[in-house]
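Student: If you want the building blocks of each chain, they are given just below.
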Amino acid sequence: MNFLLTVLGLLVTGGFWQVAIQETALLLLPALGGVISERSGVVNIAMEGMMLAGAFAAVVCDLAWHNPWLAALAAILAGGFMALIHAVISIRFRADQIISGIAINIFAAGMTVFLLDKIYGVEGIGHVPPNFLLPTLNIPGLNQIPLLGQALFQQNIVVYIAIIVLILTNVVLFRTRLGLRLRAVGEHPQAADTAGINVYALRYGAVITSGLLSGLAGAFLSIGIVNTFVPNMTGGRGYIALAAMIFGKWTPLGATLACLIFGVGTAIYDSNSTLHFSPYLLNMLPYVLTIAVLAGLVGKSVPPAADGIPYEPGSH
Amino acid sequence: MSTETHETSQRISGEPIPFAVEMRHITKTWPGIVADDDVSLQVRKGEILALVGENGAGKSTLMNILYGLLRPDSGEIFINGKHVQLHGPRDAIALGIGMVHQHFMLIPVLSVSENIVLGLEPVRPGDLYDDAAAAKAIRELSERYGLNIDPHARTGDLPVGLQQRVEILKVLYRGADILILDEPTAVLTPQETNDLFKVLRGLLQQGKTIIFITHKLREVLEISDSITVLRRGRVVGHLITKDTNEEEIARSMVGREVVLRVEKKPATPGPVALGVDDLTVKSERGLPAVRNLSFELHAGEILGIAGVEGNGQSELVEAVAGMRPAASGHIYLNGRDITALGARNVRDAGIAHIPEDRRSSGLILNYSIKDNTIFGRQRSGGFSWRSIVLRLAAILEWARRIISDFDVRPPQPDVPVRTLSGGNQQKVIIGRELLSQPTVLLASQPTRGVDIGAIEFIHSQLVAHRDAGAAILLVSAELEEIRSLSDRIAVMYEGRIVSFEPANAPEERLGLLMAGGGRQQEHLSA
Amino acid sequence: MAVPTTPTEQRRLPEPPTITKRALSIGRAIGSPVGAVIFAFVLGAIVVAATGSDPFLAYGDLLCGGIGLFCPTNVYPGFQISETLVYATPLILAGLAVAIAFKASLFNIGAEGQLILGAIATTVVGIKLANWPGWILLPLVLLAGTLAGAVWGGIVGVLKATVGAHEVVTTIMLNYVAQFLLEDLIVGGPLQAPGQSSVTAPIGKGAQLGRLVPQSGTFLGLPGGVYRVHAGLFVALAAAVIFWFLLQRTVFGYELRSVGQSTRAARYAGISVPRTIIMTMLISGAFAGLAGAVAISGLRHSLTDIYRSETTGFDAITVALLGQNAAIGTVIAAIFLAALHIGGQFMQGDAGVSSNLVDALQALILFCIAANFVRSLKLRLPALRQMPPSKSKEAPGVAAVATDTEPSATPNVKETT
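Residue numbers (our numbering), protein chains in the order written: chain A, 344 to 659; chain B, 87 to 612; chain C, 10 to 426.
These are computed hints drawn from the structure, not numbers from a lab. Computed from a prediction, not measured in an experiment: that's the story for all the values here. The reader is advised that the hints may include incorrect statements.
[Said to hold, decoys possible] Just so you have them, the derived chain A footprint on chain B, three or more residues with Cβ under 8 Å: (1) 192-204; (2) 208-216.
[Stated by the list, open to error] Computed list of chain B residues with no C-beta within reach of chain A, every gap over 12 Å: (3) Asp177; (4) Ser380; (5) Pro588.
Glycine included, every Cβ here is placed at the ideal spot set by N, Cα and C.
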């Protein structure tokens with residue numbers, strides 16, 4: 344009972360929601376990337392690796408150039424590069440997309456630590472000074488609103504970017520010609536091909552986009568939320584984003600809702616000092632939530648019909 | 087009979103009019119086999135050419151080349167006299183070639199208009215898809231060519247005949263003047279086929295050219311102007327339709343006299359082996375596919391289920407075989423209620439099943455012939471010890487018997503079955519099902535995709551087992567097969583048996599019943 | 010155009026003679042994993058050179074550290090081999106776990122979590138019953154670990170079979186849950202040994218798998234106690250035999266493989282796909298749980314939080330793929346990968362090349378295998394979907410017409426590579 348009251352008390356704290364929204368945005372970027380990629384028919388479980396690569400690239404570049412914007416750009420490109428590898432293997436070589444995704448994650452994990460040692464050696468990577476981190480935007484006036492103000496109008500710039508990306512994704516996917524073609528490619532690539540649509544180009548584009556978004560999320564993590572790089576710092580968020588995508592039935596808005604739920608879970612964990620739970624049990628929360636979601640609430644979530652199947656022309 | 091060949095065009099006022107389509111010396115190989123071997127054909131504008139041949143003759147491959155989906159290894163294509171290079175469907179579409187595929191290239195979750203305009207979508211600024219403009223364009227096309235359809239319907243929900251309409255509108259939307267139709271009537275009722283032919287004739291009058299792939303000889307004679315016959319990748323004849331007949335075409339297709347009738351004694355039916363009582367079965371999508379259906383199948387008889395595919399035959403067979411649950415009603419085997427038994431128990435009880443889709447249901451393609459011969463019976467006492475450990479020697483023995491009795495080639499039990507021809511694959515299945523001495527045999531499309539030699543063999547085996555007392559339920563989309571094999575015929579339409587007919591019922595009557603017998607027009611909703 | 014003289018056969022391209030065909034098919038079977046490994050090593054050499062180190066030195070170190078070849082005189086090959094076998098022992102078992110799931114077209118990425126659960130169970134039983142005699146305690150602890158892993162895998166199987174939850178996601182989630190469960194138990198938790206931090210008490214003597222090299226005296230120039238290779242190796246090899254027997258000689262194995270090839274055909278044959286999935290994940294989890302049990306019983310003797318940085322679960326995927334999901338292949342691949350890892354540690358100390366290079370190599374191998382993997386299994390129906398299967402992707406007219414469009418009558422159609 345006490346626990347419940349404490350939790351309820353948390354739910355009306357602005358600070359709590361600030362963390363929740365922040366985490367939501369962090370998950371949302373790769374989740375949207377996943378939606379785009381899978382809508383085009385390419386299974387992408389490499390968000391974890393792409394985020395990690397982005398996080399690493401961001402810190403390294405920020406320390407070198409003292410410019411968070413360029414560093415974020417580097418992170419985006421790093422994510423995109425990882426995605427390109429996945430795209431080539433999955434699309435051009437028609438490899439098993441899950442194995443390719445796993446390989447990317449292993450590769451990113453290994454490569455980042457390898458380079459970490461190589462570049463920084465024993466002294467370690469150190470921290471990025473605060474004035475070179477991705478800034479928080481305080482929207483004047485609006486941020487004075489109780490609860491909502493702190494939650495929504497005092498966030499890192501990437502959070503606002505994430506919201507814009509959400510809107511864009513939704514519009515493009517369901518209202519534009521590009522989105523229509525993308526969905527066609529993910530449902531029935533043979534039909535799209537015979538209609539003269541370039542299946543490969545669309546899939547490449549979709550996968551690389553997912554990499555760009557994941558890379559940005561990585562930068563958000565390493566030079567927005569914290570200020571350094573730690574091996575495996577993404578901690579499974581790429582996989583949680585995957586679950587959010589499934590939970591959201593491969594729609595941007597659905598994924599957002601799922602990410603929000605996970606964001607709340609993380610915020611609860613962060614507030615543990617007031618809850619006094621075993622930290623490890625609380626750490627499990629997002630993962631257990633994911634399983635619960637997959638077990639109970641998702642049920643008949645239907646992926647795009649051609650999701651995960653490499654396209655071979657003439658195979659109708 | 088005349089087998090005129092087309093020389094280069096007619097001459098009118100000294101000027102040669104080029105063919106609308108001319109393919110010269112096209113060759114296409116796949117690993118190990120030549121799909122099209124030095125094939126040439128020509129079609130004049132405003133005419134229909136029927137491209138005829140058995141399964142595997144190379145017709146679809148040839149047309150895929152014409153449509154730019156495949157590149158030939160050698161040969162040339164001329165459209166309206168001009169030599170063209172096709173790098174993909176885009177090029178073909180630009181030249182006015184449109185293809186209506188045998189397997190529809192439709193995306194079920196999109197609307198009719200989205201499917202039609204895909205690739206040539208009307209847009210507003212900002213790349214916004216203009217649905218209203220699309221709908222308008224489609225309505226115009228509908229009126230011009232007499233193809234009524236609702237642009238906003240969800241394509242996956244439409245009946246087959248209407249889906250084909252969407253496919254045709256697709257090519258017309260792109261301004262096709264040359265239409266390739268790949269086995270268009272395979273899934274249509276006789277009535278729908280007539281409607282299609284009306285549309286095609288209208289298109290011809292508007293100056294379109296049509297190439298029509300089929301293996302149905304009646305239709306060839308009814309609709310085409312000229313015929314090109316392919317056999318095993320080679321052209322074996324060009325015929326003028328009005329100068330030829332069914333027998334001649336069939337002979338060209340096969341290379342010898344075709345036995346169209348099976349020799350069989352009249353049946354001596356015994357007691358009821360299989361009873362189906364008021365059976366209702368739901369389809370994959372939850373709609374009733376079989377509705378309150380009842381019949382009795384006697385030992386020693388072949389009951390043929392005639393009907394166009396998609397009228398519930400598949401679901402009926404799956405329900406009897408135990409693969410699909412019955413929503414209501416009962417199934418009895420020799421008096422015993424087997425309705426709720428699963429496929430394994432049904433099989434053990436003595437019902438054998440030749441599935442309609444051998445490649446995805448009846449066989450595991452990567453398994454050897456030997457492993458496939460026990461598929462479905464791996465738990466039985468002959469092939470396993472207490473359903474735990476496999477009896478390898480017994481299995482090998484069984485496989486050898488099937489291979490020799492049914493002349494499976496190559497006669498090597500360890501060869502993966504995927505390398506066998508369609509006919510041999512089917513023989514493996516039929517061998518294992520028949521040699522298990524079933525009480526009831528469910529034979530679904532038993533000779534689909536099988537070459538003629540194997541067809542004759544399979545037919546004679548079915549009759550032999552009927553004579554030995556088996557009760558056989560035969561489901562086939564080939565009316566010929568039904569009529570030649572069955573002792574009685576039941577016609578299925580929309581999930582019900584609309585009539586029981588004697589084996590010698592005239593084909594016109596059966597065709598009418600298959601189409602709903604006397605009902606007005608095709609239905610326009612699922 | 011003249012009618013060609015009665016063609017009776019479709020024209021075929023000439024075939025190579027049968028001996029060559031046999032050799033080619035064997036070559037193709039080995040070719041894919043071997044080719045992948047070679048390719049990865051070549052790329053790895055380039056990376057090493059690019060970062061300023063000597064690839065020959067690095068690879069020489071891998072060889073020495075991994076399998077004791079070409080070692081300098083002050084290094085003991087016997088010890089290296091022993092270390093490799095130690096690393097390989099749980100890897101064989103985990104590889105078998107992943108392999109058997111693959112055979113049913115299931116992706117068990119949760120070997121790590123199942124392994125952890127196995128380790129936990131083994132430790133708990135090994136401590137609680139520490140005074141029991143070996144002949145009953147040892148089988149008991151191994152059994153406990155196996156069952157715990159089975160349960161952890163079974164959860165995934167049940168979720169997939171009932172609501173169609175994709176096993177890739179559920180297994181990964183359970184990995185994290187297992188890790189946190191472990192930490193919760195031993196970092197200041199109920200299993201933490203009094204006076205120690207992040208480690209449990211050791212399990213009883215009876216629960217320990219013995220070392221293979223006598224611990225007193227010397228062996229090959231080093232004191233016997235240095236060699237850590239233990240009887241768990243035999244357990245792993247025995248498991249490989251069981252794996253083979255299960256898959257190739259039992260009815261269940263036949264059904265498992267059938268489900269892995271085609272769920273549709275399995276339905277036709279009356280095989281219960283949900284039941285098979287659950288059983289497969291139970292067995293797969295059991296193998297992985299045994300891996301954890303063997304690691305505790307034979308090597309560590311108490312539970313630590315080493316699993317934070319351990320990668321056995323992901324290594325197992327590489328092992329299964331390299332070994333092409335076969336018993337012998339998995340054993341060889343596990344030893345190979347173990348050699349890579351141990352060699353990598355040696356290489357780091359000697360040539361200064363970070364052992365993370367091994368991770369990169371592994372990823373490269375995976376990439377290459379993935380590209381070939383699909384080709385050799387091209388004709389399988391996709392089974393990585395959620396259930397109930399969304400077969401409604403085909404329009405109603407499509408399912409009806411299933412005419413054979415392939416060229417007919419060819420016993421010799423080769424796979425298109």
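Student: Taking each numbered hint in turn, which are not upheld by the structure, reported in ascending numerical order?
Tutor: 3
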